[in-house]
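Student: These are the residues of each chain, in order.
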Amino acid sequence: MAHDWQPDFEQLVDEHQSMVFSLALRMTGDRGLAEEIAQDVFLELDRHLGKIESAAHACFWLRRVAINRSADALRRRRVRGLHLCVEMEEHHGVQLEPRTSPLGSRLEGLLATLPEPQRAALVLRYQEDLTPEEIAATLEAPVATVKSNLQRGLKLLRTKAANNLQEYVRPKEYARGV
Amino acid sequence: MDDFEQKLKRSFERWPAPPDLKRRLMENRRRRTERSPWFVLPFAARVAVSLSLGVGVFAALSAGFASYQAEQQRKGMAARQQVLTALRITNHALDHMNKQLAAHGRANQE
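Residue numbers (numbering that gives the first Met the number 0), protein chains in the order written: chain E, 0 to 177; chain G, 0 to 109.
Careful, some of the hints might be misleading.
To be verified - 25 Å max Cα-Cα, derived DSS-like pairs, lysine-lysine: (1) E/146 / G/6; (2) E/146 / E/159; (3) E/159 / G/21; (4) E/159 / G/8; (5) G/8 / E/154; (6) E/146 / G/21; (7) G/74 / E/154; (8) E/50 / G/21.
Bear in mind the hints are in silico, worked out from the structure with no lab data behind them.
Given these sequences and hints, build the entire structure.
Tutor: Here it is, written out as structure tokens:
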């Protein structure tokens, strides 16, 4: 079927490079690998440009391929654990400080310790602001599975945050004290 | 969204892409296109070209083998003819010798 939308590769890169890079970085926790994945994803987009029907389709396609490529890379390299937090701070250096609070960057570190399906669901939910139905379409998974992953991931992250992050626990304790 | 989810949302803002990501990407894209037109072809076209080349190579090898076999057969036939000719000549010589011996024997008896 013919479609009027004419994709401009450079414009797509400009618009979505931050999204693709962030998805890959949060999924793998490795800046170098995330850059590699972002490059691969856009080069694949270039090969499939003729099949992309609209700007929304391009965005959806990029999200899905970025998550899939990150999962493939993780399967190959198994980058996991709390080391991510240190790694991210080392790689991002001063960039971390002005953009997010220390609590924020440590929450990202804890995210890396979650199982991969829960991490993917949480990243798409809170970074991309997608609904469970949209996440299910992106991950090609049943909505019930996505909802379950979101709930379990959130619960696990809450528990880990309460156990590991002083900044998160303290306000609650103060609140109880007051 | 509760307080924790709000915190997550704020923490999970998109990271800015590395400043030279786009430049390196465009460079890779250009190099990929220039380096080999083969990889620019769609997958199905590459499979079709590979299959055609494979069939071509197989046909050439088969033709070569058939030609080699025909040549060997021709050489075999020629060698057979030569042996038969040699046998005919020998047979003829032996006949001639027998006749001479017989004639010589008769002359001695007389």
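Student: For each hint, tell me whether it holds in the structure or not.
Tutor: How the hints compare with the structure:
no.	hint	result
1	E/146 / G/6	20 Å, holds
2	E/146 / E/159	20 Å, holds
3	E/159 / G/21	36 Å, violated
4	E/159 / G/8	17 Å, holds
5	G/8 / E/154	15 Å, holds
6	E/146 / G/21	35 Å, violated
7	G/74 / E/154	87 Å, violated
8	E/50 / G/21	22 Å, holds
Hint check: violations occur at hints 3, 6, 7; the rest are consistent with the structure.
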